[in-house]
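Work out the full structure: start from the sequences and follow the hints.
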Amino acid sequence: MLEFPTWKKLWYWGLTLAIAAAALPSLFAVSGLPWPKLLPDPQVSLGLDLAGGSHILLEADQKQVGQQRLESMEESVRGRLKLADPRIDIGDISSAGGRLTFMLKDPSQVDAAREEILPLTSGAGLTGQRDWDIKVEDGSRFVLTPTPEGLDQAVSNAMDSAIEVVRKRIDALGTREPTIIRQGENRIVVQVPGLDDPQALKNLLGQTAKLEFKLVDDAAAPSDVAQGIAPPGDEIVPYADQQEAKIAGAPALAVKRLGGIKGDQLTDAKQSFDSRNNTPVVSITFDQTGGAKFAKLTSENVDKRFAIILDGKVLSAPKINEPIMGGSAQISGSFTVQSATQLAIALRSGALPVDLTVVEERTVGPDLGADSIRKGLIAMGVGSGLVVLLMVAVYGRFGIYATIALVFNVMMILGVMAVMGTTLTLPGIAGFVLTIGAAVDANVLIYERMREERKKGRRVIAAVENGYKEASRAIYDANVTNFIAGVLLFAFGSGPVRGFAVVLIIGLFTSVFTGVTLTRMWVADWLRRARPTELNV
Numbered sequence: 001m002l003e004f005p006t007w008k009k010l011w012y013w014g015l016t017l018a019i020a021a022a023a024l025p026s027l028f029a030v031s032g033l034p035w036p037k038l039l040p041d042p043q044v045s046l047g048l049d050l051a052g053g054s055h056i057l058l059e060a061d062q063k064q065v066g067q068q069r070l071e072s073m074e075e076s077v078r079g080r081l082k083l084a085d086p087r088i089d090i091g092d093i094s095s096a097g098g099r100l101t102f103m104l105k106d107p108s109q110v111d112a113a114r115e116e117i118l119p120l121t122s123g124a125g126l127t128g129q130r131d132w133d134i135k136v137e138d139g140s141r142f143v144l145t146p147t148p149e150g151l152d153q154a155v156s157n158a159m160d161s162a163i164e165v166v167r168k169r170i171d172a173l174g175t176r177e178p179t180i181i182r183q184g185e186n187r188i189v190v191q192v193p194g195l196d197d198p199q200a201l202k203n204l205l206g207q208t209a210k211l212e213f214k215l216v217d218d219a220a221a222p223s224d225v226a227q228g229i230a231p232p233g234d235e236i237v238p239y240a241d242q243q244e245a246k247i248a249g250a251p252a253l254a255v256k257r258l259g260g261i262k263g264d265q266l267t268d269a270k271q272s273f274d275s276r277n278n279t280p281v282v283s284i285t286f287d288q289t290g291g292a293k294f295a296k297l298t299s300e301n302v303d304k305r306f307a308i309i310l311d312g313k314v315l316s317a318p319k320i321n322e323p324i325m326g327g328s329a330q331i332s333g334s335f336t337v338q339s340a341t342q343l344a345i346a347l348r349s350g351a352l353p354v355d356l357t358v359v360e361e362r363t364v365g366p367d368l369g370a371d372s373i374r375k376g377l378i379a380m381g382v383g384s385g386l387v388v389l390l391m392v393a394v395y396g397r398f399g400i401y402a403t404i405a406l407v408f409n410v411m412m413i414l415g416v417m418a419v420m421g422t423t424l425t426l427p428g429i430a431g432f433v434l435t436i437g438a439a440v441d442a443n444v445l446i447y448e449r450m451r452e453e454r455k456k457g458r459r460v461i462a463a464v465e466n467g468y469k470e471a472s473r474a475i476y477d478a479n480v481t482n483f484i485a486g487v488l489l490f491a492f493g494s495g496p497v498r499g500f501a502v503v504l505i506i507g508l509f510t511s512v513f514t515g516v517t518l519t520r521m522w523v524a525d526w527l528r529r530a531r532p533t534e535l536n537v
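Quick note on my numbering: the sequence shown kicks off at 1 and runs consecutively.
No lab work stands behind these hints, which were simulated from the structure alone.
Be careful, since some hints might not be right.
What the hints assert, rightly or not - Simulated crosslink set (EDC-like; lysine to aspartate or glutamate; CA at most 20 Å straight-line):
#1 304 - 441
#2 262 - 235
#3 135 - 116
Printed below as a string of structure tokens:
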């Protein structure tokens, strides 16, 4: 237990100093001192409650998920029955009342139609869940009704996808360590520390970025379109910009409801400038499949117009003068450089599967965070000072060893957090204070065991060796228990709870290393040099 060859000493000292050195850039940043630019500068990221920033609560529109499922099922039913052999002809499909209904033109094809539609009604996976119920009424009228289980699963999938899209958009802003968690069935909590422009974040997250290219129905009567009356198979989509509507001579356009191309097959989107008039535009690039669809759409509809629709509003409706090959296009509109950049970020991140509305917003100022840091440091300083005084007063030389180990422990926790890029929150500072108090527990157990061994008449070296050996069992058992608790807090907690758990888990490893391994090495060196005949502990 007390044998430390030279290579082991060098290894322990090298590891300790290297990790402790990683904490120096963070300490320099807190103190306001400049850090040399030539040196690596890993720093601990500060959470929202320390660095300030924005807290936004987003709420999803669950009804929209149901409507999207109806539209998707309608398109799937039409496509599947159209490709059936022999082809199955149907009349218009109605989505009134939240369900799909349609009539077969040939009642003798009811069984064949059911077989074609049945695979579309089952849920994904191996659960056997059915997302849609099928009924046949009046001999040839099909009624497809979404099940509650299928709708709940669709909402859950939409929220999971929305969280990923939100995360990509925030990462594109260049912020560090955002907290993005789901709250309840249809809400998302977003916390972005150190954000200078919360309004830009709200605009970015509130934009669904659902991009569509649909053919314009020029045969629709302008008077009907102005009154919101759509011909069969069409839908009325308003213009996003009043100037565009003024040029078109109507507030909206009639476009084909089905078909067209969606923007979920984009590979890139970036802000650029129109070579003709130098106005800001967004250049987009489709993947191979999307590029082929876009080329086919433009090839088959030369001299017709197609509408570029973003979030249910027409940006522009250019005429297809010639087929557009290569899978690239430009989106023009009343853009500024900033709005075009934000749209490009949103398109690159993917469209939100459901609209998100900001229902709560809080901004934490940096002054409040600085005050929290100051008070946290005061608490940590007072706690550390009292612990040091107690240890030195009770255990003398061994209390000094415990104090030095405590300093290295705090430095190593900061160093590990800096290297890992973790975030320090106000509860994390509380975790520091708790770690300082708990870190010396190991030394107290060891030193008290030494006293007991000395009272039994054992020699100094034997008492020290048995003290470390016997106390280590209790120390490891206690830390394993705390480690399990910390992992559970991290796994099931969120935000501040996770911040506390991170500091706790890191502190468990560093405190055992510094409080047991390092102090044992220092005590062994002292015993070898001084050869004491009495143990003042």
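Tell me the hint numbers this structure goes against, listed in increasing order. 1
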